[in-house]
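J.: Turn these sequences into a full structure, and let the hints steer you where they fit.
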Amino acid sequence: MIVTFCAILGLSPKIRSNISTLVLCLSTLWLTGLLLPTPAHTTSIRLHEIKTTDSFTTSSLSLPRTITTKETEDQATTEFFSPGSTRSEPDILKVYKALFKQTWEQSPDIQVARKMKQQKAAEQYTAWANRISPQLDFEIAQKRFLNKDLADDTIQTSLEEEVPYTDGKDITDWNFDLDIPLYRRPLSLAIDVSRIEYELAANNLEIKTRELDARLHELLGNYMVASYNLHNLENSIFISGEHVNKIQRGYDLRDQTKLALLRAQANLKELEARRDLNGQRRDTTFRELLDFTAIPENDPTWHWLKELLNSEQRTAGCINSFSALQTGTEKMQPFLTEALTEAELRDFFVNNSLLYKKILLERNLGKIKAKKYTQQEWPALFVRGEFDRKADTQFNDYNGEGSIGLVLSVPLFSGGTIFSNIKTETMASDITSIEEHSTILRTFNSIANKKKTISSLRDIYEKQQIHLQQQQEIVRLSLKSYQIKQTSMQDLLTSKNRLIDAKNLLMQTTTDLGVLLRQFAWELGTPFPAP
Numbered sequence: 001m002i003v004t005f006c007a008i009l010g011l012s013p014k015i016r017s018n019i020s021t022l023v024l025c026l027s028t029l030w031l032t033g034l035l036l037p038t039p040a041h042t043t044s045i046r047l048h049e050i051k052t053t054d055s056f057t058t059s060s061l062s063l064p065r066t067i068t069t070k071e072t073e074d075q076a077t078t079e080f081f082s083p084g085s086t087r088s089e090p091d092i093l094k095v096y097k098a099l100f101k102q103t104w105e106q107s108p109d110i111q112v113a114r115k116m117k118q119q120k121a122a123e124q125y126t127a128w129a130n131r132i133s134p135q136l137d138f139e140i141a142q143k144r145f146l147n148k149d150l151a152d153d154t155i156q157t158s159l160e161e162e163v164p165y166t167d168g169k170d171i172t173d174w175n176f177d178l179d180i181p182l183y184r185r186p187l188s189l190a191i192d193v194s195r196i197e198y199e200l201a202a203n204n205l206e207i208k209t210r211e212l213d214a215r216l217h218e219l220l221g222n223y224m225v226a227s228y229n230l231h232n233l234e235n236s237i238f239i240s241g242e243h244v245n246k247i248q249r250g251y252d253l254r255d256q257t258k259l260a261l262l263r264a265q266a267n268l269k270e271l272e273a274r275r276d277l278n279g280q281r282r283d284t285t286f287r288e289l290l291d292f293t294a295i296p297e298n299d300p301t302w303h304w305l306k307e308l309l310n311s312e313q314r315t316a317g318c319i320n321s322f323s324a325l326q327t328g329t330e331k332m333q334p335f336l337t338e339a340l341t342e343a344e345l346r347d348f349f350v351n352n353s354l355l356y357k358k359i360l361l362e363r364n365l366g367k368i369k370a371k372k373y374t375q376q377e378w379p380a381l382f383v384r385g386e387f388d389r390k391a392d393t394q395f396n397d398y399n400g401e402g403s404i405g406l407v408l409s410v411p412l413f414s415g416g417t418i419f420s421n422i423k424t425e426t427m428a429s430d431i432t433s434i435e436e437h438s439t440i441l442r443t444f445n446s447i448a449n450k451k452k453t454i455s456s457l458r459d460i461y462e463k464q465q466i467h468l469q470q471q472q473e474i475v476r477l478s479l480k481s482y483q484i485k486q487t488s489m490q491d492l493l494t495s496k497n498r499l500i501d502a503k504n505l506l507m508q509t510t511t512d513l514g515v516l517l518r519q520f521a522w523e524l525g526t527p528f529p530a531p
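Using UniProt numbering, the first residue of the sequence shown is number 1, and each one after it goes up by one.
Source of the hints: derived by calculation from the structure; they are not laboratory data.
Note that the structure is a prediction, hence the values are computed from the model and not measured.
Treat each hint with caution, since some may be false.
No more than 25 angstroms apart at the CA atoms, straight line, and that leaves these computed lysine-lysine pairs for DSS-like [claimed, not checked]:
| hint | residue 1 | residue 2 |
| --- | --- | --- |
| 1 | Lys450 | Lys357 |
| 2 | Lys143 | Lys357 |
| 3 | Lys115 | Lys357 |
| 4 | Lys246 | Lys269 |
| 5 | Lys450 | Lys120 |
Pairwise CB distance ranges (calculated) [to be verified]:
| hint | residue 1 | residue 2 | range |
| --- | --- | --- | --- |
| 6 | Gln280 | Leu505 | 15 to 21 angstroms |
| 7 | Ser414 | Asn130 | 19 to 25 angstroms |
| 8 | Lys463 | His437 | 38 to 44 angstroms |
| 9 | Gln142 | Ile418 | 40 to 46 angstroms |
| 10 | Ile404 | Arg442 | 20 to 26 angstroms |
| 11 | Ala448 | Ala266 | 42 to 48 angstroms |
In this text, a Cβ means the ideal position worked out from N, Cα and C, and glycines have one as well.
T.: This is the structure in structure tokens:
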């Protein structure tokens with residue numbers, strides 16, 4: 001709004017008095033806001049020069065131009081009433097791909113799983129080497145004999161005759177020990193244990209990768225929802241602030257009640273408090289992302305992500321593209337239909353799931369470890385060889401003697417432990433079977449519950465979309481009705497708050513459904529492709 005006043009000189013006192021009264025009235029109206037244009041209807045008001053028969057000279061005097069917030073309010077209003085479920089932002093998939101790649105390389109859980117696989121591979125080699133490779137040991141020892149009879153029974157016939165070397169009390173001895181295992185129960189079990197532990201570590205690495213995909217989806221989805229809630233409240237606060245200003249001006253002119261003003265101000269403070277809580281929630285979810293991914297906070301990928309989430313509409317588009325509900329639902333529809341029986345779902349889980357394979361490997365490992373309780377009760381067959389320094393020869397002569405033979409070792413008696421060890425093995429094997437059955441039942445029930453939850457969330461999602469459209473229309477009608485004083489202030493504020501909640505709930509359901517679809521898929525055995 002531009003108001004221009006022209007200075008008029010040489011007028012009569014009466015005319016000057018009338019002009020002063022007019023200027024005073026216009027200033028009062030401008031200060032109270034009646035002449036302040038709304039952002040949607042910005043106008044220009046100009047008082048034209050007043051010409052009289054008196055001679056005068058003019059000089060223009062203009063008030064400062066009021067800075068309007070039309071563009072900001074239009075954007076806030078557009079985002080506040082926009083149907084976020086229809087937008088898309090495909091670039092979020094590129095951000096997720098970069099995050100997944102860096103997380104897979106830097107995540108502590110993935111690093112531990114990779115190192116564990118390498119460790120089990122080394123243990124498997126060690127077990128095979130102990131089983132089939134001969135073991136050759138060399139010993140060198142300094143010995144001192146106690147109470148050894150050193151009497152010389154030989155008779156020296158001449159002074160020139162050389163006395164033969166004999167071992168004294170202190171000798172330096174050496175020997176070689178050779179062991180070739182043909183059958184030893186502990187070594188055979190060690191091979192079986194190492195093999196299953198390696199398969200379990202490899203399977204666990206693949207499970208961790210699938211869990212990484214699902215967990216990263218969950219954490220990133222939570223961060224985007226928190227960002228969306230914050231943008232939603234910021235737009236609502238801006239619109240509510242403008243509304244409070246209008247009611248304040250009306251109250252100053254006795255056109256609005258004190259109750260209406262207090263309700264509007266209280267609603268604004270409530271929204272501001274919710275904004276602060278959501279800001280804290282967004283920071284918390286971001287920290288959870290940093291902890292899980294182990295990616296530095298100053299990494300360019302985070303700046304890229306925050307750029308995509310710089311407005312309510314773009315954030316809604318990121319959530320929709322990231323969740324990919326249509327693609328995920330189409331992929332999993334054969335397993336979500338009511339025509340699929342629980343037995344068919346269980347058969348697919350048994351034949352394809354990494355979780356079921358893990359349960360079987362843990363069962364097999366438990367049963368093999370149970371056999372260790374009786375491994376010492378078995379006979380052993382091996383080749384033993386010895387080669388050591390020959391008696392009464394000097395160390396430097398390297399003159400040795402030895403033996404080699406086939407040895408069968410049979411344990412005969414060890415206090416009756418064979419009976420207790422057999423019972424211990426049986427009980428340990430039974431415990432493993434019970435744990436296997438319990439784990440399979442618990443895991444499959446979790447998958448079946450996810451299926452039911454997905455079906456429920458799909459129904460909720462469709463109803464929330466309708467509910468959001470209805471709330472948007474209610475707010476539009478309430479605004480129009482309030483302007484013509486057919487709707488109370490309380491009804492208007494209630495409808496706005498319900499619209500805020502409807503938008504937030506829809507985005508939360510979208511994220512939860514997308515995450516749940518991916519978890520259900522990989523646990524069942526038909527995972528989504530990893531980035």
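J.: Decide, hint by hint, whether the structure agrees.
T.: Hint-by-hint comparison with the structure:
Under the criterion of a C-alpha separation no larger than 25 angstroms, the hint pairing Lys450 with Lys357 is consistent with the structure, at around 20 angstroms. Taking the CA atoms of Lys143 and Lys357, the gap is about 57 angstroms. The hint is violated against a cut of 25 angstroms. A hinted pair counts as satisfied when its Cα atoms are at most 25 angstroms apart, and Lys115 with Lys357 qualifies at roughly 21 angstroms. Restraint check for Lys246 and Lys269: satisfied, since their Cα atoms lie roughly 16 angstroms apart, inside the 25 angstroms limit.
The straight-line distance between the Cα atoms of Lys450 and Lys120 is roughly 34 angstroms, outside the 25 angstroms bound, and the hint therefore fails. Evaluation of the 15 to 21 angstroms hint for Gln280 and Leu505 yields a pass: the beta carbon distance comes to about 20 angstroms. Between Ser414 and Asn130 the Cβ separation comes to about 23 angstroms, which falls inside the hinted range of 19 to 25 angstroms. One distance hint, 38 to 44 angstroms for the beta-carbon pair Lys463 and His437, holds here, with the actual separation near 39 angstroms.
Taking the beta carbon of each, Gln142 and Ile418 are about 42 angstroms apart, inside 40 to 46 angstroms as hinted. Between Ile404 and Arg442 the CB atoms are about 56 angstroms apart, so this pair departs from the stated range of 20 to 26 angstroms. For the pair Ala448 and Ala266, the beta carbons lie near 47 angstroms from each other, so the given range of 42 to 48 angstroms is met.
Taken one by one, the earlier hints fail for this structure at numbers 2, 5, 10, listed in ascending order.
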